[in-house]
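There are 2 protein chains.
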Amino acid sequence: MNPEEFRTAAHELVDWIADYRLRAEGGGFPVRSRLAPGDVAALLPDRLPEDTTTISGLVADLERIVVPGLTHTQHPSNFAWFPANASLASVLGDFASSGLGAIGLSWQSAPALTEVEQVVLDWLRQLSGLSDAWRGTIHDTASTACLVALLVARERASGLSKEGGGLQSSVAPLVVYASAEAHSSVAKAALLAGFGRKNLRLVALDPTSYAMDVSALESAIRQDLSRGRVPAAVVATVGTTASTAIDPIRDIAGVARQHGSYLHVDAAMAGSALLLPEYRHLFDGVEAADSLTWNPHKWMGTVLDTSLFYVRDPAMLEQVMSTNPSYLASSADGTAVQYRDWGIPLGRRFRALKLLFQLRLDGIEVIRERLRRDLSNANWLAAAVSSEPGWRVVAPVPLQTVCVRHEPTGLSGEELDRHTLAWTEEVNTGGQAHLTTAILGGRYMTRVSIGAEPTERRHVEALWRLMRAVADRTASGTRSSGRSGSSGGRAPRRARSRRAR
Amino acid sequence: MNPEEFRTAAHELVDWIADYRLRAEGGGFPVRSRLAPGDVAALLPDRLPEDTTTISGLVADLERIVVPGLTHTQHPSNFAWFPANASLASVLGDFASSGLGAIGLSWQSAPALTEVEQVVLDWLRQLSGLSDAWRGTIHDTASTACLVALLVARERASGLSKEGGGLQSSVAPLVVYASAEAHSSVAKAALLAGFGRKNLRLVALDPTSYAMDVSALESAIRQDLSRGRVPAAVVATVGTTASTAIDPIRDIAGVARQHGSYLHVDAAMAGSALLLPEYRHLFDGVEAADSLTWNPHKWMGTVLDTSLFYVRDPAMLEQVMSTNPSYLASSADGTAVQYRDWGIPLGRRFRALKLLFQLRLDGIEVIRERLRRDLSNANWLAAAVSSEPGWRVVAPVPLQTVCVRHEPTGLSGEELDRHTLAWTEEVNTGGQAHLTTAILGGRYMTRVSIGAEPTERRHVEALWRLMRAVADRTASGTRSSGRSGSSGGRAPRRARSRRAR
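Those sequence lines, one after another, are chains A and B.
Under my numbering, residues 1 to 501 are what the first sequence spells out, in order.
Under my numbering, residues 1 to 501 are what the second sequence spells out, in order.
Extracted from the complex, chain A is given alone in its bound form (with noise of 0.2 angstroms):
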C-alpha cells in the first residue's frame, strides 16, 4: 500500500472508527459481547485467502466479525473491570505513532522518540504533584513495570548477583512483602523474578479498609530476619484491583527503610488520582518510595499501552537492565538516556505521542473535571446503595469503584455468593450494563467502576434501578426454586469450535 492509497483507505476508515465510537457511546451494543468461545474464530477461514481484499471489504468484516466479539470499553453503562482507553485524542497520537514509524533503539535512532518521552513524563510529574527527584519512563503495563521493580530491588538487596552466579548463588533468601489484596500481576513478577512463591509474603489486611496492615508487614518482616532471611522488598498498592483499598504509604515507608527493602508502589488504576490535588493525601508518603506506577490507559483514559514508571535512581536501573552491543554504539552514547535501559524490550514504540496528543488537544482541566465527574458519580451510588435495605456498600470507596452486596434476608455464605455471581450475571447477560464481581473478604461482591469517558449520572442511575430489580428478581427466583434454580455465572460453556482450546 502506497501513501496515496494509506490516505483513500485511512479516510474511510477514519470514517468507520468515528461511527463506531458514535455507536459505542450511544450505547448501541450489548456491552458485553454474547459471543462463545469460538464464535469469531468460526467466522474466520482457515487459512489466509488467496485474494486480498479492499478497505471496504476489511471494515465489513470487521463489522460482522470483531464488534459483535468486543465488550465495549465506551459504551456509557460499562462499569466492568476499570475505566480505559478512552481519549480519542490519545488515539490520534498513537496514529501519529505508527505512521512515523520512528523505531526506538537507542537515542540515535529516534532522537524525538527519547525526549518527547522525558519531556511528557516530566510534565506528568508536575501534574501530579510528585517532587522533581522522579524520573520516568512508558512501560506497555503495570505488570512488567512491577517485574522490572522486583528485579532491581532483587539486584539492590543481593549486590548486583546477576553479574555472578545470580539468584542461584544468593546466600540468605530475599524475600517479597505484598499485601493480600495487591493486585495478581505482583505475585507473579515475584515468581518470574526467581523469588519463589515460599519467599512472597502476603500481608494480612486491616479488617475494614481492605489496607495492608503495617504491623503485620513489620512483624513478617521480623520473623524472616530472625530466621535469616532478607526483606528485599514491599510492595505498596494505592487503589487495589477489588475494592481501590489505599495501603498507608507513609507507614510502609517507614517500616522498608527501616530494613534497607526497595518500596515499590502500585498504583496502576488510582495514579490517575494524583492529577487531584485534593486526593493526593492517599498518596501520603510516596516521596519516600523508590518506584511507582499509574497508568495513564486506565483511568486517565489514554490508549493502552501506557503506564508511567518512576524511579528516584535512574542509574541503579540502568546498571540492572542495560546492554550495550557493538551494534547500537553511537556517538551520543553517554550524552543521552537510552531507555531500552530502563525496560525489558529493545525496540520501542512512540508512546509518548499518546500522552502528547491527550494533554495537548484535550487539556489537563477537561481530564480533571471527568475525574471529578466519576468520583461524585461513585458517591451518590455508594450513599444510595447504603441507604437501601438489603443492600451493603462492602468496603471503602476512595475513589471511582463502588464495592456492593446485595443481602437479601436469609441468606449467607456460599447461598449468598451464588446470589452474587447469579444476579450480576443476569444483569451482564441482559447486555444493558457490564459488571464484575470479585472476592472480598472470603466473599464474592460486585465491583461498580465508574469512569467510561461517556458515562453520566444518569447511566449511573439507571444502573442502579437495573440492579435492584434484577437482584430482586433473581432472589425471588432463588427462593421460589431452591438452590438448583441458582444458576450461578460460573457453569462453563462448551466451546463452539475446535479452535478454541
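The set of hints was computed from the structure by calculation and includes no laboratory data.
We treat Cβ as the ideally placed atom computed from N, Cα and C, and that holds for glycine.
Errors might be hidden in some of the hints.
Here are a few chain B residues that face chain A, going by a calculated C-beta distance under 8 angstroms [unchecked claim]:
(1) 101
(2) 126
(3) 184
(4) 194
Selected chain A positions facing chain B (in silico; Cβ < 10 angstroms) [stated by the list, open to error]:
(5) 85
(6) 101
(7) 105
(8) 148
(9) 154
Could you slot chain B onto chain A? The hints should help.
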C-alpha cells in the same frame, strides 16, 4: 474530544501522515536525524501549556519538533539496523485497534482480540511452513519473547521452583547457552531470569560463518555436567544481528535433546524468510525446538510492536505464566485461551489487527516479492563489493544484510577500525544514506541492511557509489594527516540541554 471532533481531526492527520510518508519515501529528509542530544527537549516547554491546541497546531509542532528528530525508517536509503515499520496497511490495523479501544485482560474482556490473534497466528504458522504442533501469540519484542522462553526453561529444569523457594532454592546451578553472536537481549534475558552471568555460556563461533560451533556447545555442556551443573536452555539464532549468521538448528537441537535442554530459536530479523519456501532450509531442524520467535515488525514490515512467539507446549507456558484472580474469573474460563497466561503483561492491545490488515490488504505475494527483491539487491551489492579492490565482504550473505569493510593498503588493527567508523559516520552525517557499524571477529565492519519498503536497486547502486567516494576520501584524509586526522565516529558530543542526561 468527541467522535465528531475526532473525525475532523483524524482526516487532517491522515493527510499529514500520507504526506510525511511521501516525503520520506521520496528521500526528502536526511536519513539520520542531525540533532544532538537535548535538541528536541529544548524545543518543548518545561511544563504543559495551560492552553490546549488544535490538531493543526499539533501537526505544526510535529513538523517543527518531531520530524527533525527522527531517523527516517522509510527513507529509501535507510540501511541502518534493520528494515522495519513499513506497512501502511498495518498502520491502518493499528489505528483500528486503538479506535476500537478493546482491552485484553481475559478472553471475556474482548473475545475477538483473543480469537483473531489465534487465527492470524495460525495463518502465519502455515505461511511459514511450520507444522501444526505450534501455537502462537504476540509479544512486543523478541527481547521479551526470549525472557519468557528462558523463564519457561528455568521452571522446566528446576521442577517448577517458582512454587517453592524459586531459584534461591535450586540445588544444581542451571546454565544457559547461546552463541557469542547472539543478540544482547539473550544475555539480558538470562540475567533478568536470575541465572547469573557465571551461568551463561557464550559459545564459540565457527570462524568463517560466525554461527555457533556445535562442538564447542557440546564440550561446554559436558564440562558443566562434569561440575554438577544443569544445561537448562540453549538459544539458537537464525540471523544474528551483526551479520545474519545462521546457527545450525538441527545439530543444536540434537545436543539440546540429548541433555534435556530447552531450545529457543531467536529468528527476530530472519524469521520473515520463513515466508519464502526456498529459504526455509536455513531453519532446518526448527521443529525440534521448544519455542521460536520472529518479528513481522522487522523485515516483513508490520508496525512495531509485533513479535511472534510460537511454542509447542502451551500448557507448560501457562503453568509458568498464569495467574487466576477472582476479579478476572468468567464463565469462559477453561474453554477459551487466556493470553495473559502466555506472557508478562496482563492488559493487551488488539495487535493482531496489524497483521490482519497487512495480510488481507497487501497480501502475502506482495510481501514475498518485496523480500525477494531485497535478497536480490543484497546479492548484487555483495558481488559488487567483492569484485572491488580494497573492499571486502566480511561475512556470508545468507539474507539481506551485507557486512563490508573498506581495507585500504596499509591500514590494519585499530587504525582500520578508526577508518571504518570514520567513513561510515561521514556517510551518515551527509544525510544521503544511513549505515551502522558493528564488531565482527574483533574488528569493526559496516552493515548494509537492505529492505526499507521503498528501497529499489537504484538506491543500493547509489549507496555503493557513495560508500566508495566517501571511504576513499576518508582514507586520503587519514593518510595525509596521520592518525589525529581520523576523528572517527565515537567522540561524544556534549549535550545541549539540561534535559539530556
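The hints, checked one at a time:
1. 101: holds (4 angstroms)
2. 126: holds (6 angstroms)
3. 184: holds (4 angstroms)
4. 194: Because about 4 angstroms separates residue 194 of chain B from the closest Cβ in chain A, which is inside the 8 angstroms limit, the hint holds.
5. 85: holds (4 angstroms)
6. 101: Because about 4 angstroms separates residue 101 of chain A from the closest Cβ in chain B, which is inside the 10 angstroms limit, the hint holds.
7. 105: holds (6 angstroms)
8. 148: Holds: closest Cβ of chain B sits about 9 angstroms from residue 148 of chain A, inside 10 angstroms.
9. 154: Nearest chain B Cβ about 7 angstroms off; hint holds.
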